[in-house]
Amino acid sequence: MKQKTDVLSGTLALMVLKTLEVMGPQHGWGIARRIEQISGDLLAVNQGTLYPLLLKLEHEGSIASEWGASDNNRRARFYRLTAAGRKQLQAETRYWELSAAIIARFFTVKAEDLT
Amino acid sequence: MRALRRFMIRLGNFATGHSPDQRLREEIAEHLALQTEANLRAGMSLAEARRQAAIKLGGVEAIRRRQHDEAGLPWLENLLSDLKYALRLTRKNPGFTAVAVLTLALGIAANTTVLSWVSATLWNPIPGAAHTSDLLTIMRGNRTDNPTPPFSFPDLLDLSRRTRTFSGLLGYHHDYMSLTGVARPERIYGALTTANYFDLLGVHPVLGRAFLPREGAPHAGAAVVVIGYGVWQHHFGGDPSIIGKAIQINRHPYTVVGVAPRDFTGSAPGLREELWIPLPMDRDVWGFNRPDYRGIFWLNVLGRLRPGVTRAQAQTELNLLMQGIAERFPEDHRNSPNAISLDPLWRSPFGINGYLYKTLPMLLALAAVLLLLACANVASLLLVRSVERRREMAIRLGMGASRPAIIRQFVIESLLLGLLGGTAALVITEWTSRGIAAFVPPSSLPLTLGAHVDQRVLFATIAVSILAAIIIGILPALRSSRLPVQSVLKEEAASVSLTWHKSRLLSGLVVAQIALSLVLLVCAGLFTRSLRKARQADPGFEADHVLLASYELSPAGYTRATGAAFDRQVLDRLAALPGVESATLADFSPLSFSLHTDYLQVQGYVPQPHESMEISRAIVGPNYFRTLRTALMAGREFTAADTAESQPVAVVNQAFADRYWPGANPLGQQVTDGGERFTVVGVAGNARYRFLTLPPEPVIYLPDAQSYSPTHDTIIHLRTTGDPRTVAASLEIAIHQLNPDLPLFNVNPLPVTMQLGTLFGRAAATFAGSFGLLAMLLAAVGLYGVVAYSTRQRTREIGIRMALGARKGAVYRLLLGQGFRLTLAGLVVGAVLAGAFTRLLKAQLYGVSDTDMLTFVSVGLLLAAVALLACHIPARRAARVDPMVALRHQ
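Each protein sequence line maps, in turn, to chains A and B.
In terms of our numbering, the numbers along the first sequence are unbroken and rise by one, the last being 115.
In terms of our numbering, the numbers along the second sequence are unbroken and rise by one, the last being 1005.
The hints are simulated quantities; they were obtained by calculation from the structure and are not laboratory data.
A couple of the hints might just be wrong.
Just the calculated beta-carbon pair ranges, DEER-fashion [claimed, not checked]: (1) B:Arg-571 - A:Thr-93: 27 to 37 Å; (2) B:Arg-504 - A:Thr-93: 46 to 56 Å; (3) A:Glu-92 - B:Val-542: 52 to 62 Å; (4) B:Ile-581 - A:Ala-84: 51 to 61 Å.
Note that beta-carbon positions come from the ideal geometry of N, C-alpha and C, so glycine has one too.
Based on the sequences and whatever the hints tell you, model everything.
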């Protein structure tokens, strides 16, 4: 069970980075909504867990944040991808594609292919 | 890289106390507002929209907690708060802290003291030399307790030229020299060395240079000297322009080419050399031509292994080379063993490590046992306290503290105690590390045993402290973290106590303490008895009432003829002194490692191939046996009539006669030494001159008038009627009337200088003894503490028993019986442990079996008596308690 959540929190970071790459600077709610739209119920509850993750990514230098004005002109914290984050995203994308391809091949293999 | 960046930011936040809490609050408020708006757009009522937004966000407190943990370093924060708590606890119970810290400090200090000696000797055999682990002592023949230098200069040169496993071999011969041409001639221990001596050791002179190859070339050499730092400071005032100046050694001039570094004391562990001269100068320094002879074995040899070569490979190679040399020069090698053995310096047979490498590890084992006992002692204290803190721990667990958190709290408390103990131990060690020097009596040997707290000892202390902390902390930690929370919280104080006194763990710790202290006491008892046996052993001479004093004639300008005449005058003058029964001279004194050996040919004895004929040879004056009260079994001893002109005569001891002329009459047999034939005229009883604990070896005595050598010390032996010290002053006056400029040194009663012969026995007995007493004290305190605590806990029970009619005596017996059962169990376990442990000491014991019944029984009785006393005090106090007071006790 624990392992599963670890995997999910790892993928969550990747989703955040990808969201920021596609949509440009976003505030927390924007990121959460976007992820919810794409991944279904993965982040349906506990959107709040996003904020410690954002802080961690910021500490790691993958994203940066600053205050700005939201659509209705209230103060909101906006997150954007940094150059380092872009590089990290590219590397992790490659890794995920590779892993996914291997696992996909593995799942499609039939008994007669192995003899 | 990313992880490091994250760590640095978190560390920064932690240090500055920066928290992103305010920012999170604002973000969450905005998040909720945006989500509520979205929900409203989806058609919810305002209340429902807010509710759904909050549900979707999740628990705000949990988010804040996680945000906080991400911002800072939670483990460091917890560690600090645990440490703060532990510090508060230590301060709150100063008595408990003091006892625990002191106990640990004694246990740790015992270990670090021995380690400081190990560090100064076995770990650092040649101070100032580089990579001593690659250096090996090269020995011919089997290892003995009394090795003689094994190589001749031509053999060493052949080996150095051919070896491929060593990057170099160095040779040296050390003995006393005299610094002459200064205001007061001074004896200095110096060495003749091969030219590569300093380079191979990796020692760089602080001033000037080491020897050049041509300065040590065979048959050539140069009159140059490297002086020790101490000589440079004391005799030449640290003169910076000393290089190139000439100094006089044994009345010959030498040019100073270098000054050795301050900590360098030569290549024999534990001996201090202060001058180094190239080997070919032997003729000038000591008047011999030893470097020219292949058959004179007088050099100690060290080699530096090439990288990647094993000791076994080197040994195989040197054996082959040595065999080749022995086959080419059979005459020179017939009577000495040619098999090579290699020893790392920590157990080099030359120098002090040859003895210490057995003694120190054993002392370390004893110290480890003491530390284990101290840990058991403190662990039982902590355990008692952890029971008192059961409620606190149960509340913590109930409030959601995790098991690791509880264990961490205990471990930090014990770490604090351990490190405090370690710090105190360092202070103690700073003082006790010098203790080893206190065992060395005044002697003619230039012993240097400078142990102190160095870096290695410091690290070892920290490591040992942490280890001790883990040992003492782990038991109470594991116990407390497994508390059944609800039942503890429901417990009344009284019911705690009722289950308490049955604690197997605490009883186990008490049993362990008694057992370990019995082990140490048995060792102490065995060593003490062994030392006493050695002292009571008949050495073959009577040491009491003998005064020794030394002088050296060669540096004072005496020749063979004038020296012999001077010795006669001295003897005549001294024999006439009031209070002197008889007087004699010798070139050695018993049991101070000063007996020389010589290569002898024994008439009628055919040595085994490669049997060593290096035999102990004593040069003595007339009346030697009468003065030392050594029995004469047959024939006569030397008299004033044995002169350089009369027939050369010798006395051998019984061991000599039995070994070389078994069954034959030794009188009239002949022995050749240095080309001179001596006829045996007397047989003396065996005397032990090297160790009291080793069987007597063959010794030959030659009269000083017939084998006179002015280069060695002359040691006066006086048998006095009263206290020998009272004669010292008149002795000095008498000598100075004959020659006012002749320095007289080492003026000491024989029993004092003999202490050197029992050095290791005394060190072992003293340390095992003090460890044993300390152990007994700790065990007694431990037992007292546990019995006292358990009686305090049982006060109510005792009150009930007494109210129901139990007599004081019965209560007393009940409590005493509890302590006594533990003691008995400890004694049984201890006896088994001690039986196994003392087997290790077998080789170190003399005249006592390692399972000596008397020691085991008497030590066991002593410990039982002390343990009973420790139980008696709290038991009596409890038995006297007023039942009414006891019943009201909480």
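- Using the C-beta atoms of Glu-92 (chain A) and Val-542 (chain B), is the stated range 52 to 62 Å upheld? 56 Å, holds
(message) Quick check: does the Cβ-Cβ distance between Ile-581 (chain B) and Ala-84 (chain A) fall within 51 to 61 Å?
(response) Since the Cβ atoms of Ile-581 (chain B) and Ala-84 (chain A) sit about 40 Å apart, the hinted range of 51 to 61 Å is violated.
Is 27 to 37 Å respected by the C-beta to C-beta distance linking Arg-571 (chain B) and Thr-93 (chain A)? 53 Å, violated
Verdict for Arg-504 (chain B), Thr-93 (chain A) (Cβ pair) under range 46 to 56 Å: 54 Å, holds
Hints 1, 4, counting from the list given before, are not met by this structure.
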